[in-house]
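Peer 1: Construct the entire structure; sequences and hints are all you get.
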Amino acid sequence: MGRFTTIALLICYLLAACADSAPNVPPSPVGTEASTPYPDVAETQALGLQEAAPYPEPSFSGGVVSIRDVLGRDLQFSAPPQRIVIAGKALFMLANAAYIFPEAKARVVALGQTGQGSENFIALYDPQYEQKATLAGDAGAEQIVAYQPDLVLLKSYLVESLGKPIEILGIPVVYLDLETPEQYWRDLTTLGHIFGQPDRAEQIVAYYQKKVAKLQQVLQGIEKPKVLVLQYSDKDGKVAFNVPPQTWMQTIMTELAGGEPLWKEIELGKGWTQVTLEQIAAWDADKIFVISYFRDSREVVDELKQDAQWQAMRAVQQGNLVGFAGDLYSWDQPDVRWVLGLSWLAARMHPNLFPDYDAVQEVTEFYQTLYGLDEAFVNAKIIPTFSGDLP
Amino acid sequence: MTDSQALVWVRTNNLRRQRMLWALGIGLIALFWISLMLGRYPTPGFLSLERLMTDELAERLVFQLRLPRLLTAMLLGMSLSAAGFVFQLLFGNPLVEPGFLGVSQGAAFGAALSIVFFSSSALIVQTNAAVFALAGLGLSYLLARRLRYGGWVLRLILAGIAISAFFSSGVGLLKILADPLGQLPEITFWLLGGLASLTWQKFFSILPFSLLGLTFLLLYRWRLNVLALTDETAFSLGAAPHRERALLIVAAVLPTAAVISVAGMVGWVGLIVPHLSRRLFGAEARFSLPGAMLIGGWFLLFCDNLARTVLNGEIPLGILTSLIGAGTFLVLLSWRGKQWQR
Numbered sequence: 001m002g003r004f005t006t007i008a009l010l011i012c013y014l015l016a017a018c019a020d021s022a023p024n025v026p027p028s029p030v031g032t033e034a035s036t037p038y039p040d041v042a043e044t045q046a047l048g049l050q051e052a053a054p055y056p057e058p059s060f061s062g063g064v065v066s067i068r069d070v071l072g073r074d075l076q077f078s079a080p081p082q083r084i085v086i087a088g089k090a091l092f093m094l095a096n097a098a099y100i101f102p103e104a105k106a107r108v109v110a111l112g113q114t115g116q117g118s119e120n121f122i123a124l125y126d127p128q129y130e131q132k133a134t135l136a137g138d139a140g141a142e143q144i145v146a147y148q149p150d151l152v153l154l155k156s157y158l159v160e161s162l163g164k165p166i167e168i169l170g171i172p173v174v175y176l177d178l179e180t181p182e183q184y185w186r187d188l189t190t191l192g193h194i195f196g197q198p199d200r201a202e203q204i205v206a207y208y209q210k211k212v213a214k215l216q217q218v219l220q221g222i223e224k225p226k227v228l229v230l231q232y233s234d235k236d237g238k239v240a241f242n243v244p245p246q247t248w249m250q251t252i253m254t255e256l257a258g259g260e261p262l263w264k265e266i267e268l269g270k271g272w273t274q275v276t277l278e279q280i281a282a283w284d285a286d287k288i289f290v291i292s293y294f295r296d297s298r299e300v301v302d303e304l305k306q307d308a309q310w311q312a313m314r315a316v317q318q319g320n321l322v323g324f325a326g327d328l329y330s331w332d333q334p335d336v337r338w339v340l341g342l343s344w345l346a347a348r349m350h351p352n353l354f355p356d357y358d359a360v361q362e363v364t365e366f367y368q369t370l371y372g373l374d375e376a377f378v379n380a381k382i383i384p385t386f387s388g389d390l391p
Numbered sequence: 392m393t394d395s396q397a398l399v400w401v402r403t404n405n406l407r408r409q410r411m412l413w414a415l416g417i418g419l420i421a422l423f424w425i426s427l428m429l430g431r432y433p434t435p436g437f438l439s440l441e442r443l444m445t446d447e448l449a450e451r452l453v454f455q456l457r458l459p460r461l462l463t464a465m466l467l468g469m470s471l472s473a474a475g476f477v478f479q480l481l482f483g484n485p486l487v488e489p490g491f492l493g494v495s496q497g498a499a500f501g502a503a504l505s506i507v508f509f510s511s512s513a514l515i516v517q518t519n520a521a522v523f524a525l526a527g528l529g530l531s532y533l534l535a536r537r538l539r540y541g542g543w544v545l546r547l548i549l550a551g552i553a554i555s556a557f558f559s560s561g562v563g564l565l566k567i568l569a570d571p572l573g574q575l576p577e578i579t580f581w582l583l584g585g586l587a588s589l590t591w592q593k594f595f596s597i598l599p600f601s602l603l604g605l606t607f608l609l610l611y612r613w614r615l616n617v618l619a620l621t622d623e624t625a626f627s628l629g630a631a632p633h634r635e636r637a638l639l640i641v642a643a644v645l646p647t648a649a650v651i652s653v654a655g656m657v658g659w660v661g662l663i664v665p666h667l668s669r670r671l672f673g674a675e676a677r678f679s680l681p682g683a684m685l686i687g688g689w690f691l692l693f694c695d696n697l698a699r700t701v702l703n704g705e706i707p708l709g710i711l712t713s714l715i716g717a718g719t720f721l722v723l724l725s726w727r728g729k730q731w732q733r
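So the protein lines, in turn, are chains S and W. Each residue of the first sequence is one higher than the last, beginning at 1 in this note's numbering. Each residue of the second sequence is one higher than the last, beginning at 392 in this note's numbering.
It is worth saying that the hints were derived from the structure and are not from the lab. Hints may be right or wrong, so weigh each one.
Taking lysine-lysine and the DSS-like style, the derived pairs with C-alpha atoms no more than 27 Å apart in a straight line are [what the hints assert, rightly or not]:
hint	chain 1	residue 1	chain 2	residue 2
1	S	LYS224	S	LYS211
2	S	LYS264	W	LYS566
3	S	LYS287	S	LYS264
4	S	LYS305	S	LYS235
5	S	LYS238	S	LYS89
6	W	LYS566	S	LYS238
7	S	LYS235	W	LYS566
8	S	LYS270	W	LYS566
9	S	LYS238	S	LYS264
10	S	LYS214	S	LYS287
11	S	LYS105	S	LYS89
12	S	LYS132	S	LYS105
13	S	LYS89	S	LYS164
14	S	LYS287	S	LYS238
15	W	LYS566	S	LYS164
16	S	LYS89	W	LYS566
17	S	LYS89	S	LYS270
18	S	LYS226	S	LYS214
Peer 2: So this is what it looks like as structure tokens:
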């Protein structure tokens, strides 16, 4: 019996050793040499932002587009992709970024859920939206390949679970992050090359950088208020308040807007961390901003103001409990609208420094610049969806 | 009934069960080929042979994605069913399943630990899951030896429950620590089970362990009947009950750990399929163990076909096996109830 077991185990290990340890993915084509990193490092440092990962500018040579994605792989395209699928969960951030390029309307053939709550910008913006296939959040390679894409756009965290099976089929996948300002600048450039619009990408990145730079200029040397950004959740009827981790857009925006994020000291995990009312009171913030993804944060704040425990807090007494602004999507997220959230947050934290802040004007400029939408569209479709502390 | 009549009855009955096994086997091969051509490309339904011969993407889809996936689904069903069958027989408890003895929860903890702290690389997650699955078994065994309450089977069951709870709380803690954007969905998908990310590499990495365990169980199934008896009776029939049972448990856990490491938690298969097999083939392991393996292969192929073809998103396999498994369980219970009434 013992001999049999030993022999069997040996066979088992030998067979296991024979299994190919290299990923069964076709080798990525080697692209052209990396040249200029984007965005400019010196400019990034001057803005007080973290340096983006080294990233070469995509190049064109002999009709071939070479793009390096966030995983550092060079992908070559002989022609601009014409059948693009955007897949994964909570992909409205990715879709909203892709649709900055008008070519997306014709070239995106299938995409996941692009709404948040009952709102969906892509459905409003893209007249062909109804003709496009809607993928479930957990669509696998089998479901995606049914739309015969020549390119799939995914967030980078999906590389193992979804990206590799798609690549095995010979379909190129470009991974994007779109989680921080630096990643936005880098990934918008990539999207620009995918849609054959590098100049437009440059123009959009310049718009973002100009906005951030302008704020930083005004906020230089100011005294930072102690700020709390809380995400309100009443899932399953249980009210909870959560603070974001240090690396997330909400924390980055608070710092860029000239605030001191109080929650940085207690980070427990890599996601939203629930905090008690006792902890919120102990922080004694100068200003509290409340985010709500599925209800108007203005309503949430009105309810909190009626609560005796919240009434005892200094920020509430001084009128500094504020619902985070948003339109179709809350502006605190790493969505293209983060730049709107940043301007709004800075104006709310430092009203004396931004006396001329006009949310409607900012929003109109944003939608005109990014999506080419006119004032009439903004007035009819966007402004009525305003939530939080907005007019 | 005279001896000769009894002998004829046994032979006829065995012949009938052999034929059923052949029918199940041939049916499984047929279902496998049907499944290979079934999917959502180019439209939901069957892929024509003509398209397969002319469309490069269809060819890649079938041979690079569906083939390893379906083979793994069969291995998964066979391994979980065989392990469930062996556990139910050895522990004399019809409610135990392969995840018993801390194996499933150990694998889940290992995978989650890897996703949160080490790497989401498939190979590392898979290795960690398999190592912790076996660690779950080892810890349950060691704990059972130290318990001072009840017989060996009861102690093993109690130890398994305690170790599973320990790993379960660990998974809960890791879920709190996980990044909700990347890591948490990965852990959740892993806990719900699925074969969407299956590749040839993953299939070949589990094949040796699964084949080794399943072959051993098949070859050793004659002894299972003896080892299901009390220690004294088994010993008097020439078996070394403790040693042989331990060997069989390891042989059952090895393929289970391997398949769980790539497919995640897929529940109910190891609980229901052995019952179904015993209904069809009787209690004798000589027929009912291969029967359970074949039915397990059928069940998983069927569930996986639903998982990848019904919606334009992947339905987690664990949800389907639980749903269909629970329904089957209820039917089995009511079926048995009628017998009792008779």
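Peer 1: Work down the list of hints and note, for each, if the structure agrees.
Peer 2: Hint check:
For a cut-off of 27 Å, the pair hint linking LYS224(S) to LYS211(S) stands: about 20 Å separates their Cα positions. Between LYS264(S) and LYS566(W), the direct Cα distance comes to roughly 20 Å. Compliance with the 27 Å bound is thereby established for this hinted pair. Distance restraint check for LYS287(S) and LYS264(S): the Cα-Cα separation of roughly 15 Å lies within the 27 Å cut-off, and the hinted pair is therefore satisfied. For the hint linking LYS305(S) to LYS235(S), the alpha-carbon distance of about 20 Å falls within 27 Å, and the restraint holds.
Using a Cα cut-off of 27 Å, the hinted pair LYS238(S) and LYS89(S) holds, with the two alpha carbons roughly 24 Å apart. Between LYS566(W) and LYS238(S) the CA atoms are separated by roughly 19 Å; this keeps the pair inside 27 Å, and the hint holds. Our distance criterion of 27 Å between C-alpha atoms is met by LYS235(S) and LYS566(W), whose separation comes to about 18 Å. With a C-alpha separation of about 10 Å, the suggested pairing of LYS270(S) with LYS566(W) holds against the 27 Å cut-off.
A distance of roughly 25 Å separates the Cα atoms of LYS238(S) and LYS264(S); the hinted pair therefore holds under the 27 Å criterion. In summary, the hint linking LYS214(S) to LYS287(S) is supported, as the alpha carbons are separated by about 23 Å, within the 27 Å threshold. For a cut-off of 27 Å, the pair hint linking LYS105(S) to LYS89(S) stands: about 20 Å separates their Cα positions. The hinted pair formed by LYS132(S) and LYS105(S) meets the criterion: a straight-line CA distance of about 10 Å does not exceed 27 Å.
Straight-line distance between C-alpha atoms of LYS89(S) and LYS164(S) comes to about 17 Å, which keeps the hinted pair within the 27 Å bound. Taken as a hint, the LYS287(S) and LYS238(S) pair is honoured in the structure, with Cα atoms around 24 Å apart against an allowance of 27 Å. Only pairs whose Cα atoms come within 27 Å are accepted, and LYS566(W) paired with LYS164(S) is accepted, the gap being roughly 24 Å. Distance restraint check for LYS89(S) and LYS566(W): the Cα-Cα separation of roughly 18 Å lies within the 27 Å cut-off, and the hinted pair is therefore satisfied.
Straight-line distance between C-alpha atoms of LYS89(S) and LYS270(S) comes to about 18 Å, which keeps the hinted pair within the 27 Å bound. As the CA atoms of LYS226(S) and LYS214(S) are separated by approximately 22 Å, the hinted pair is consistent with the 27 Å bound.
Violation of the numbered hints given earlier is absent; every hint is satisfied by the structure.
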